[in-house]
Amino acid sequence: MSNQEGRRSQLLRGVLDLCLLAVMGDGPAYGYEMTKRLRTRGLSTVGEGSIYPILGRLERDGLVETRRAASNGGPPRKYYSLSSEGERALEGGVTEWQATRDAVDGALGLVNVKAEVAP
Amino acid sequence: MSEFLDECRREWRRLGVPQPVANEMAADLAADLDEAEAEGGSAEDVLGNSAFDPRRFASAWAIARGVTGPPASNRPSLWRPPMAIVLTAVLGALTIVAGLALLGGRRSSSIAIATRRIIAGPGSNRFFAPGGGRIVGPGPFGLPFTGTQIAGVDVHPLAWILLLVGVVGIGLLVVLYWSPWSGFRRRRHESRRTPSWN
Numbered sequence: 000m001s002n003q004e005g006r007r008s009q010l011l012r013g014v015l016d017l018c019l020l021a022v023m024g025d026g027p028a029y030g031y032e033m034t035k036r037l038r039t040r041g042l043s044t045v046g047e048g049s050i051y052p053i054l055g056r057l058e059r060d061g062l063v064e065t066r067r068a069a070s071n072g073g074p075p076r077k078y079y080s081l082s083s084e085g086e087r088a089l090e091g092g093v094t095e096w097q098a099t100r101d102a103v104d105g106a107l108g109l110v111n112v113k114a115e116v117a118p
Numbered sequence: 000m001s002e003f004l005d006e007c008r009r010e011w012r013r014l015g016v017p018q019p020v021a022n023e024m025a026a027d028l029a030a031d032l033d034e035a036e037a038e039g040g041s042a043e044d045v046l047g048n049s050a051f052d053p054r055r056f057a058s059a060w061a062i063a064r065g066v067t068g069p070p071a072s073n074r075p076s077l078w079r080p081p082m083a084i085v086l087t088a089v090l091g092a093l094t095i096v097a098g099l100a101l102l103g104g105r106r107s108s109s110i111a112i113a114t115r116r117i118i119a120g121p122g123s124n125r126f127f128a129p130g131g132g133r134i135v136g137p138g139p140f141g142l143p144f145t146g147t148q149i150a151g152v153d154v155h156p157l158a159w160i161l162l163l164v165g166v167v168g169i170g171l172l173v174v175l176y177w178s179p180w181s182g183f184r185r186r187r188h189e190s191r192r193t194p195s196w197n
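Chains as they are written, first to last, in numbering that gives the first Met the number 0: chain A, 0 to 118; chain B, 0 to 197.
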C-alpha cells in the first residue's frame, strides 16, 4: 500500500461508519450492495478492514435495523436500514464532519498560502 | 473463497461464537463473495485488505457484533513453560528434602557427618565404618536411624539454607508465572487479544 493509499485509508477509517449510514439512506441494503453504493459515490476502497465489523457495531449500537429477505434470484440476504437513532447519529455525524472538514481546509489553505510566498 | 470461510469458521469457533450466529455470518459473507465473483470481482473487492487475513477479519467482525464467548485468555490455564515447571518441581523437592532433614535432625540430634559408614549404638556411642558415606544412628523410639550426609557439613545450616532457597525460589516462580499479575500471564493475554477495527 502506497503512502497516499495509506493516508486515504486512515482518513476514511474515521468516517466509514458515517458513509455506511449515508448509503443506507438510499434504502435498505445488504453488505456487498453497500460496498457497491460506496464505490458509486467515489469510495473505491473500504480501507484496511472491511464494512462487516462496522455494520456489526452499528447493529449492536442500535443505529441500524436488520431483516432477512430474499435477494434478486440469490440466497436470502441480511438487509440493513437506518433506525431512528441511526438517522439522528447520521445528522450529528454529518455536522461534525463538516466542521472538521472546514477546520482542516482552513489549516491546509494556510499552508498553501505560505508555500506560494516562499521563494 | 471456501478456504477463507473455513478459516473464519475456525476463528469464530475459537472465540466461542454461537453456531447459529456463525452460520448466519458465514452465509452472508458467502453470498456477498459469490456475488462479487459472479460480477468478475474478487474477495478483495468485498473485504479490502482483510481478504488476506481471515482470522483477523473474523475476530474483528465477531467482536464488533458482540457475539463472542468468554475470551480464551480469561479461562484459567495451568500451562506454563516447561522450564518453569521443572524449576518449580526441583525447588519443591529441595524444600521437602530440606524440611525432612530438619525434622529428622531434631529427632536425632546426635547425627554426625562422615564420609564413611557410622554404626550407632545406644546413647551417644557411635562407630564409624569405612566407605559409603552412610550414617546409621539412633532414631526415634530407639530404632536405628539411617541417612545420607555430605561429608564435613553439619546438616542443620545446610538444610535451613536449602529450605530458604526452595521457599524463596517457589515464591518467585509463583509470582512470575502463576500469579494474576505475572508478566507471563499478561503477555499471554496480550498475545491472545483479538484485533478490532473502528
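Don't read these hints as lab results, they were simulated from the structure. Here the structure is a predicted model, which means the values were calculated and not measured. Built from N, CA and C at the ideal position, the CB exists for glycine as well. Treat the hints with care, since some could be wrong.
[Claimed, not checked] From chain B, some residues computed to sit far from chain A (all C-beta separations above 12 Å):
| # | residue |
| --- | --- |
| 1 | Ala35 |
| 2 | Arg64 |
| 3 | Leu163 |
[Said to hold, decoys possible] Derived, one-sided and incomplete: chain B residues facing chain A with beta-carbon distance under 8 Å:
| # | residue |
| --- | --- |
| 4 | Glu34 |
| 5 | Ala83 |
| 6 | Val85 |
Consistency of the hints with the structure:
no., hint, result
1, Ala35, "6 Å, violated"
2, Arg64, "4 Å, violated"
3, Leu163, "54 Å, holds"
4, Glu34, "5 Å, holds"
5, Ala83, "37 Å, violated"
6, Val85, "43 Å, violated"
When the structure is compared with the earlier hints, violations turn up for hints 1, 2, 5, 6 and for no others.
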